[in-house]
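Colleague: Note that the protein sequences, when read in sequence, are chains A and B. In case it helps, numbering that gives the first Met the number 0 puts the first sequence at residues 0 to 230. In case it helps, numbering that gives the first Met the number 0 puts the second sequence at residues 0 to 111.
Please keep in mind that the hints were generated in silico from the structure rather than gathered at the bench. Mixed in with the good hints, there may be bad ones.
Said to hold, decoys possible - What the simulated footprint calls covered on chain B by chain A, stretch by stretch (three residues with Cβ under 8 Å from a Cβ of chain A suffice, anywhere in the stretch; the number is not a length):
(1) 17-28
(2) 69-83
(3) 98-110
C-beta: ideal position from N, C-alpha, C; glycine also.
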Amino acid sequence: MPTVPPDLLDGVRDVMPLHLGIVPFGLVAGVAAVEQGLSIFHAIGFSTIVFAGASQLAMIELLGADAPLAIVVGTAVVVNLRMLMYSASIAPYFRDFAARSKTIASYLLTDQAYALSLARYGEDGRTDRFAYYVGVAASLWVVWQISTIAGAFLGAGLPPEWGFEFAAPLVFLALLVPALKDRASAASGLVGGLVAVAVVAAGVPFHLDIIVAAIVGVGAGLAVESLGGDA
Amino acid sequence: MPTSYDATTVWGVIVVAGVLTFAIRGSFVYLFGRIDEVPPQVQSALEYVPAAVFAALVFPAIIVPEGAVSLSLGNERLVAGTLAAIAAWYTERVFVTIVVGMGALWVLRFVV
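Just chain A, same shape as in the assembly:
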């Protein structure tokens, strides 16, 4: 029997507390898909092919609102842009991986896998990097799939008057709060949020609110940063 690399088990053990954290998120992603008229297979498709919760949820909401498809996809790209930073910052540790391992590692890259792996690589230079990463990232993948599927089955039976569609913005709220880590990011959140409100209230067509708010909000963050508001 092949032995499991110890670093892989370390990865699984380190990420376990975060498994519980993504379960409600995955449930909401499954429930939301069904509530917006998508099938359980679509919910599974989103979770396996896209595998990026916040963007899945944003796309599901926009599809439910019949937004233009370019806006749906464009919004997903904007929501996932932060992973460009993760890719750049973890790339040096992946440089010696075989091509197939690079593909697997890229596909599995998430906020949690990035944060835990980078911390481990920094403190222990002898880690089997791929094994540890797979322990973290693949176990997250499994938990994500199970919770999305469970949510999709659950969603079919939820009474509409309970308003479970409100769970989606609550998930985004839980993601927003830790992102407000300094004055500049707080400015970018506040401005982004208010711009989105203005765009929606003004009845601007095509659901452009998230993309416009992202551009203006990032601009506000950069402006505050250049004024020296880092504290």
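For chain A, the structure is supplied; the task is to place chain B on it using the hints.
Modeller: Just chain B now, kept in the frame of chain A:
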């Protein structure tokens, strides 16, 4: 509101978004050796994307629930969302945020 798009169109969206998301994740992993880092200005900009994007996904959902701005206590989503925001601030946990937000919504809707 259920979507009006047919099943095949939704699959198209899933595949295109999946390919683009993979390209973002794999970008620097594959380019390493040719492009090793994000230019500092781009990096600063990317740091502010999550705050701006997540706020844009939250604010309209609680402030403009029916298409018009509503800042009154009669807006159940605004009240529930504010309580959930306080929970998120102190616990930073998705589960607690959802429980507080949904719980508050149900109290306002079925009890008050």
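Colleague: Has the segment 69-83 of chain B got at least three residues whose CB is nearer than 8 Å to a CB belonging to chain A?
Modeller: With 4 residues close enough to chain A, the hint holds.
Colleague: Test coverage of the segment 98-110 of chain B by chain A using CB-CB distances below 8 Å; three residues minimum.
Modeller: Coverage by chain A holds for the segment 98-110 of chain B (5 residues, Cβ < 8 Å).
Colleague: Given as covered by chain A, does the segment 17-28 of chain B meet the bar of three residues or more with CB within less than 8 Å?
Modeller: Holds, because 10 residues of the segment 17-28 of chain B bring their Cβ atoms closer than 8 Å to Cβ atoms of chain A.
In this structure, none of the earlier numbered hints is contradicted; all agree with it.
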